[in-house]
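Asker: What follows is the residue order along each chain.
There are 2 protein chains.
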Amino acid sequence: MQRYLVGIDGGGTSCRAAVADATGRILGRGKSGASNIMTAPDTAILNMTDAARSAFIDAGLDADLVESAHAYLGLAGNNVENTVAYVLPRLPFYQSVIESDGLIALQGALGNGDGAVAILGTGTIYLARTGADVRSVGGWGYHLGDLGSGGRLGQMALQQSLLAYDGIAPQSAMTRAVLDEFSNEPRKMVAFSQAAKPGDYGRYAPRVFEFAAKGDDAAQAILRQSAAFIDLALDRVSEITDGGRLCLLGGLSALYVPYLSTRHQERLVPPVEDALSGAIALAKATFANMMDGAA
Amino acid sequence: MQRYLVGIDGGGTSCRAAVADATGRILGRGKSGASNIMTAPDTAILNMTDAARSAFIDAGLDADLVESAHAYLGLAGNNVENTVAYVLPRLPFYQSVIESDGLIALQGALGNGDGAVAILGTGTIYLARTGADVRSVGGWGYHLGDLGSGGRLGQMALQQSLLAYDGIAPQSAMTRAVLDEFSNEPRKMVAFSQAAKPGDYGRYAPRVFEFAAKGDDAAQAILRQSAAFIDLALDRVSEITDGGRLCLLGGLSALYVPYLSTRHQERLVPPVEDALSGAIALAKATFANMMDGAA
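Residue numbers (full-length UniProt numbering), protein chains in the order written: chain A, 1 to 295; chain B, 1 to 295.
Calculated from the structure, these hints are not laboratory results. Treat the hints with care, since some could be wrong.
[Claimed, not checked] Here are the computed lysine-lysine pairs in the DSBU-like style, where the Cα-Cα straight-line distance is at most 30 Å:
1) Lys-31/A x Lys-284/A
2) Lys-197/A x Lys-188/B
3) Lys-214/A x Lys-188/A
4) Lys-31/B x Lys-197/A
5) Lys-197/B x Lys-31/B
6) Lys-188/A x Lys-197/B
7) Lys-197/A x Lys-214/A
8) Lys-214/B x Lys-188/B
9) Lys-31/B x Lys-188/B
This structure is a prediction, so every number in the text was calculated from the model and none was measured.
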């Protein structure tokens with residue numbers, strides 16, 4: 001009986017799945033909604049199941065074959081122990097391994113070789129591989145980390161707008177535009193902040209880059225400060241990998257490149273494959289012995 | 001019939017009340033638990049009532065006289081409209097006015113004259129009075145403001161400890177001590193951060209000052225950055241008051257003085273009276289006509 005590998009790339013806004021044969025050749029792909037196992041684990045399980053079934057259908061296979069699949073899941077929030085313990089037995093697959101979304105991204109971007117990736121999105125995390133050793137740097141989340149992330153950039157844009165409103169900092173086109181979105185009423189912005197998640201702040205991050213490109217002082221100051229944080233984290237993973245390959249991933253990566261130090265710009269390499277391909281490669285490596293036994 | 005004035009100074013950790021005669025002479029004082037009208041309005045109402053009744057008893061008066069009193073309440077969270085609308089009709093007093101905790105502090109510290117106060121506690125807010133005009137600067141809360149506040153200082157100490165853990169920033173005695181409180185397990189610190197309120201972070205603020213005094217580089221850097229923010233806000237209120245009197249209040253005020261610019265240090269004045277006395281003075285001014293009519 002043919003056994004199938006499933007790779008899952010699960011994030012806070014969407015979930016992607018691929019199905020592959022035992023050699024790791026991808027046969028089909030599927031997509032579904034958010035799979036945030038920390039904030040909504042049951043929804044995440046449903047969406048991951050949907051995405052996997054869609055991948056089987058895309059491959060021209062019976063969707064019920066998910067139940068015999070060996071799955072490798074790269075998920076944000078995998079470092080919260082209770083969450084993984086809740087999700088793992090509720091997944092529809094024959095065997096499942098939950099690892100970080102960063103690890104599958106690293107695998108996809110750099111294959112089996114040494115090097116480092118920086119994932120610059122709503123949050124930030126850095127991974128460095130030397131031989132069999134993979135170390136993560138950062139990735140502690142919005143409240144105490146994620147410096148330079150989309151969530152933090154958005155928060156800084158709103159914060160700066162309030163400083164400008166109060167006359168503590170100069171007004172700029174950006175601070176006026178941001179305040180204008182709240183009808184120029186700081187109380188509305190404060191009300192927003194009471195319930196805002198990192199992703200809510202992150203929606204303002206692209207605007208910081210837009211205004212900076214137009215020469216906005218406030219936006220440029222925010223990006224200088226944020227890029228300096230990222231430079232320091234890149235220094236750290238470069239130290240671990242002895243200056244090996246470095247790859248930027250995530251929604252903000254292309255936007256950030258011009259603001260990074262030239263010492264990093266010069267050595268950036270493009271990703272070889274995407275995170276989903278990385279998940280399939282790790283599924284193949286993880287389940288190789290088991291699959292041989294079952295063959 | 002003698003009419004009484006009540007002043008309330010309500011905060012997130014305790015609530016203080018005073019009762020005065022119609023001339024504003026304080027007859028008794030009382031204290032009770034937290035009165036955070038934003039997060040726990042019913043508890044706040046109970047505690048404010050308790051504190052006021054205790055003040056009447058302290059004055060040798062019947063506690064039920066609170067029902068005939070004219071009360072002036074200085075409360076954090078008074079700028080959240082729905083909250084005030086909920087609390088106001090549920091208070092035990094004959095007449096009540098809810099204003100900000102900042103306003104009663106300003107009145108207590110500077111009396112009726114012009115000048116500015118900075119309240120440096122778990123949060124921060126600045127008030128400037130010129131004639132009849134009182135303007136507040138900052139006070140937008142932890143998420144988007146409160147730069148230099150106890151909440152922010154604590155957050156920075158924890159954040160810096162994680163950067164040191166990752167090798168992105170140098171370790172110091174402070175970063176080691178903070179991490180040690182979480183058993184040197186960043187995940188425990190991250191779990192703390194998921195639910196931490198500004199007051200929870202604020203408990204680490206005094207330690208930042210302690211380590212800075214011992215020459216800790218990380219602690220000193222946090223305080224330099226935070227004091228620079230406060231300097232800018234003080235510049236702003238000094239601009240509004242044309243360099244008038246400036247008074248620092250709040251739990252961190254004395255600790256911050258050595259880190260502020262000398263341009264501010266040199267013109268600091270001590271508070272004339274406390275916030276509760278300010279509340280009574282404002283109660284007297286607010287209810288003067290009404291009391292005359294009732295006399």
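Asker: Does Lys-31/A pair with Lys-284/A here, judged by a C-alpha cut-off of 30 Å?
Answerer: Distance of about 21 Å is within 30 Å: holds.
Asker: Taking only the CA atoms, is the gap from Lys-31/B to Lys-197/A under or equal to 30 Å?
Answerer: Roughly 37 Å separates the two Cα atoms, so the pair is violated.
Asker: Take the C-alpha atoms of Lys-197/B and Lys-31/B, compute the straight-line distance between them, and say whether it is at most 30 Å.
Answerer: Distance of about 24 Å is within 30 Å: holds.
Asker: Mind checking the alpha carbons of Lys-197/A and Lys-188/B for me, to see if they're no more than 30 Å apart?
Answerer: 20 Å, holds
Asker: Do the alpha carbons of Lys-214/B and Lys-188/B lie within 30 Å of each other, as the hint requires?
Answerer: Holds, at roughly 27 Å.
Asker: Hinted pair, alpha-carbon criterion (30 Å max): Lys-197/A, Lys-214/A. Please report holds or violated.
Answerer: 28 Å, holds
Asker: Just to be careful, I want the Cα atoms of Lys-31/B and Lys-188/B compared with a cutoff of 30 Å; is the pair within it?
Answerer: 36 Å, violated
Asker: What's the verdict on Lys-214/A and Lys-188/A, does the C-alpha distance respect the 30 Å limit or exceed it?
Answerer: 27 Å, holds
Asker: Given the hint that Lys-188/A pairs with Lys-197/B, test it: the Cα-Cα distance must not exceed 30 Å.
Answerer: 20 Å, holds
Violation of the numbered hints given earlier is confined to hints 4, 9; the remaining hints are satisfied by the structure.
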